[in-house]
Amino acid sequence: GQNIDQPTEMTATEGAIVQINCTYQTSGFNGLFWYQQHAGEAPTFLSYNVLDGLEEKGRFSSFLSRSKGYSYLLLKELQMKDSASYLCAVRDQGGFKTIFGAGTRLFVKA
Amino acid sequence: GAGVSQSPRYKVAKRGQDVALRCDPISGHVSLFWYQQALGQGPEFLTYFQNEAQLDKSGLPSDRFFAERPEGSVSTLKIQRTQQEDSAVYLCASSARTVPETQYFGPGTRLLVL
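Residue numbers (this note's numbering), protein chains in the order written: chain A, 1 to 110; chain B, 111 to 224.
Some clues are possibly wrong.
Claimed, not checked - Computed Cβ-Cβ distance ranges for the label pairs, DEER-style:
hint	chain 1	residue 1	chain 2	residue 2	range
1	B	Ser115	A	Ala39	16 to 26 Å
2	B	Glu162	A	Thr11	44 to 54 Å
3	A	Glu77	B	Pro180	25 to 35 Å
Since the hints were made in silico from the structure, they are not lab data.
Bear in mind the structure is a predicted one, so any value in this text is a computation, not a measurement.
Beta carbons are placed, not taken as given, at the ideal position from N, Cα and C, and that holds for glycine.
For reference, chain A alone in the conformation it holds in the complex (with noise of 0.2 Å):
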């Protein structure tokens, strides 16, 4: 089956980092990604990995292992700004349909 499975709620203090895991189990894998959503707001990227390793993108960065179907988010220097809910998402081998997992909401607290 699909499963993408993330932590529901993670707690940081400004000015900190975080790390959002998430790890999957699908039938294909054809690259992973990360997107931000605020509440009721649409998602906007953030991330894609296709290789293993790490991306780097500013204050934001992304990591994969697909041996270990297993990705992590890295923000640094939180803002408050940043509180919002972080999506995984792996879309499929065959390159159509995209799976998300149900997110993690983030909280910056001053």
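Assemble the complex: chain A is given as a structure, and chain B must be docked to it using the hints.
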């Protein structure tokens, strides 16, 4: 603006009523996706179009759900004989090409079935 737009933003329907949700993708985008998002959950895939061809409709929950994109641009998701469990946010997303890459999401239509 050049983003994905959806209308209406909010829709209240009585159980049994038919509804039609519209998506205007980013101009020139080949791929178009529809998702259903329940409160506190991630988006669930409904269907995928490549231009006007519906290549995957495996996520449509029942035959009451129907989607079309007749000219390869605007798409409509139709739900017939709505039921309370259809209440959700319906998201549309588009991407420029067919290969896996970022999807640009619209603001969604929040459907409430009473």
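Going down the list of hints, with the structure as the test:
no.	hint	verdict
1	B:Ser115 x A:Ala39: 16 to 26 Å	holds (20 Å)
2	B:Glu162 x A:Thr11: 44 to 54 Å	holds (46 Å)
3	A:Glu77 x B:Pro180: 25 to 35 Å	violated (47 Å)
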